[in-house]
Each structure stands twice: as C-alpha cells, then as structure tokens.
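Given chain A's structure and the hints, the job is docking chain B onto it.
Chains as they are written, first to last, in my numbering: chain A, 5 to 227; chain B, 334 to 541.
Rather than coming from a laboratory, the hints here were simulated on the basis of the structure.
In this text, a Cβ means the ideal position worked out from N, Cα and C, and glycines have one as well.
Errors might be hidden in some of the hints.
[Claimed, not checked] Derived contacts from chain B toward chain A, CB cut-off under 8 Å, selection only:
{"hint": "1", "residue": "F392"}
{"hint": "2", "residue": "L394"}
{"hint": "3", "residue": "G403"}
{"hint": "4", "residue": "Y408"}
{"hint": "5", "residue": "A414"}
{"hint": "6", "residue": "L415"}
{"hint": "7", "residue": "K416"}
{"hint": "8", "residue": "W428"}
Next come the chains, spelled out residue by residue.
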Amino acid sequence: MSKAAWALFVREWRIANRIGGGASVGAVFFLILVTIMPFAVGPDLALLARIGPAILWVAALLATLLGLDRLFQGDHEDGSLDVLVNASLPLELTVLVKCAAHWAASTAPLAILSPLFGLMLGMDAGALALVAVSLVAGTPALTMLGAIGAALTVSLRRGGLLMAVLVLPLAIPVLIFGVSAASAASGGGAPLAASLTMLCALSLAAIALAPFAAAAALRHVRD
Amino acid sequence: MRLSANEIAIERGGRRVLSGVSFEARAGQALLVVGPNGSGKSSLLRAVAGFLPLAAGRFALEGGAEEGIGEQAHYLGHSDALKSALTAGENLAFWADALGGDATRAAWIAALDRLGLAHVADFPVRALSAGQKRRVALARLLVAPRPIWLLDEPTTALDAAAQRQFAVVMRAHLAGGGLILAATHAPLELDDAARLTLGDAGAKGAAA
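Looking at chain A on its own, in the form it has when it is part of the complex (with noise of 0.2 Å):
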C-alpha cells in the first residue's frame, strides 16, 4: 500500500513539474498578484508594509485555489479516476496523496518565496518570517478545502470557478488566523501563539476530516 502511495506521489510530482504542469504557473500568478497590490493601493510603504500579511495571504489563497481546480479533473477526463477507483489504494487515500504532492509542488513553493515577494511591499524580517510560517502551517488547509470542491466539480467542464465559489467562503476561518498569525511581528492583535496553534488545528483537522469528503462526493458526482 505505502508502495502505491509512493507511486502515485511521484506521478503527480513528475505531471505537475512537466510542460504544462502548472507548478510554477502558481507561483508566477502569487508573484503577479502581489505586484499589483502597490499599484492599487498607491506607494506609502507604511502602508503596504502594514498590509503587507493580508496581501500575501490573500494572493497565496487565491494562487491555491487556481491550480486545484484540476486537482482530480484531469484524472477525470482522461479516465484514469474510473482506474484509480478501484486501485489497491483505498479513494480516500488517494485524496490525500494527491493533495500532499500537490502542496509540494504548487503550494510549498509559494510559502518559500513568499519572505522574498514580501520585501516588495517593505515587510521588515521579522514579518518575512512569520508570514512564511503562517503559510506553511495554514496552507495545507487550504488545499484539503479546495479538493472537497475539486472533487464536488470534477465533472463539470467549468468548475474552476463553482470550485472557487463554492471554497472561499470555507477558507475564511483559515485566512483570518493566518493573518493574524502573520501580522503579529507588525503589532497585529491576537498574540502569535493562539493563532498559530489555531492555523494548525485548523489544518490538522482538514488533513483528517477532507480525504472522507472528496472521496464521497468523487464516487457520487463522477458517473
């Protein structure tokens, strides 16, 4: 089974780092978003520095949730899904080992490159750092969240935005203690300690609880 596990990892870390992949699509979309963000809102460091957790934040939100949409899609149309089905690996394992390689490969990146896409907006290190931290403990959320909407609109040739629709409102809880986890260097409210505990239940609970939900609505809306 682990053998399985491994293979399948490796296949969608090989697929997501091949021409047309997407894997870097994710991380060229966060770096886009976080460079207009000064243009919207004008040049007052200050400013942008204050902001600075919430923008990263809501980028990396947004940037997961782009590529997740194709999460089991492709899989779908391709008729590998109807395989993976009736694999050794039981459905809900393979929810998992999907979204674990693609938050290697997508989503990881992201937090790593978020310390450097944040001294644009004039962040001081100790905020780099924390935002970095938030996003690995809150990212993991967000990707099991955005499979449950993956796998409810696998069969719809537009679902990337229904998925979006359908997942943001989930990743409200997530995106308010990631940000305040983030901002709490700059002088945020909550101390950093609560919201980072906060961040990785929330994640803990979305690891545990998520593979059940997309495996469900897999074998019920795909026929």
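Chain B alone, transformed into the frame defined by chain A:
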C-alpha cells in the same frame, strides 16, 4: 470463479437504460456484450465495475477473493487512462504499483512487447498515435494480474495486426482462468465467446 447478474436495471439521468438483464460468465469464458449504440453496453460494464448504482437486481461473484468485483477487475473504458506528459513506461509502472502488480522495467517492457510496442516505451504518450495509446492502455491489463477484465470497445483504433495480437493476449488470459466481459461491435476473434445482446429496451436474450 463465476460472475453472474440477476435482473439488473440501471438508470442514468432519470432514464432507465437497462432493465431485466441477466447473465452468467465462468472463469475461462468471454462474454461479448453486443447491441446498437445506446443500448446500455457501457453502462452495464460501468455498473459491474461499481461506478454506477443499480436500480434493481444484483451482481454476484463466486469463488473470487474477499474484495468487491471492482477491486478484482481491470476496467478499460473509452479513455485510455494515460497521462500524456509521462512516457508509456512511466504510465505502466505507475499502474503496476497502483494496481498491485510488478512495476519493474522488465515487467512492463514484457507487457508492451506482447502488444508489439516495446520500442515506444520511453516516448511520452502525447507523441503516440491513437492506436499506439490504445495498445499502451491494453498493456495495463498485463502489468497487474486481475482475474476479471471489463473491456469497453477494447480494439478501438487498433489495426488488424494489433487486433490479432490482442486476441492472443485475451485467449491467454482466458486460458489462465480469467474472465472477460467486453462491450464491442467487432468480433474480437474470440470464437467460443458467449454473447449477451442488449436491445433498445434492455436485454432481449441472456447468455448462459
């Protein structure tokens, strides 16, 4: 091993596409599901694989392993279940691992070779022709042993030589105690195969 269906009915989109279908297939036997377009051949195979709920009736498998029918079956649908960005070999190695087969290079090269396609093993699937893709998809049946083969138009896009090669592969599977359920318009070169004819209103005849 014996796979049987008893008075199956299937609904899709509120419309009953099949009703009152019964059949029985034993190990070593192929059952060809024939009928005009829209007679429910694909729906029947998808229901056997467990993808579609049954509106009535049930499937029974005697003498198999503990798992469900789907877990003991290879399902080959209209799509090839291949990732175009990966090579033929990478695709097959993945399916071997995922389906509990032998993922070594020797194993999937041997599988491709039986379909006369060993020379494309390291090409990306996107560079292959439709017939070659189909043969790579058929090689999936060989990299992981499963007793029941559910084949939906397996020879689509295959040339005459490839059809003969696949007939040899199918006969070997039957000789090894396998069971084949194939929805097809082509004869598949399986002379002693039983036939299940589906009409517009469901089954008109049942195969023994």
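A quick look at each hint next to the structure:
1. F392: 14 Å, violated
2. L394: 14 Å, violated
3. G403: 4 Å, holds
4. Y408: Y408(B) check passes; min Cβ-Cβ to chain A is 6 Å, inside 8 Å.
5. A414: Interface hint status for A414(B): holds (4 Å vs cutoff 8 Å).
6. L415: 7 Å, holds
7. K416: 6 Å, holds
8. W428: Since chain A brings a Cβ to about 7 Å from W428(B), closer than 8 Å, the hint holds.
Going down the numbered hints, you'll see the structure goes against 1, 2, while the others check out.
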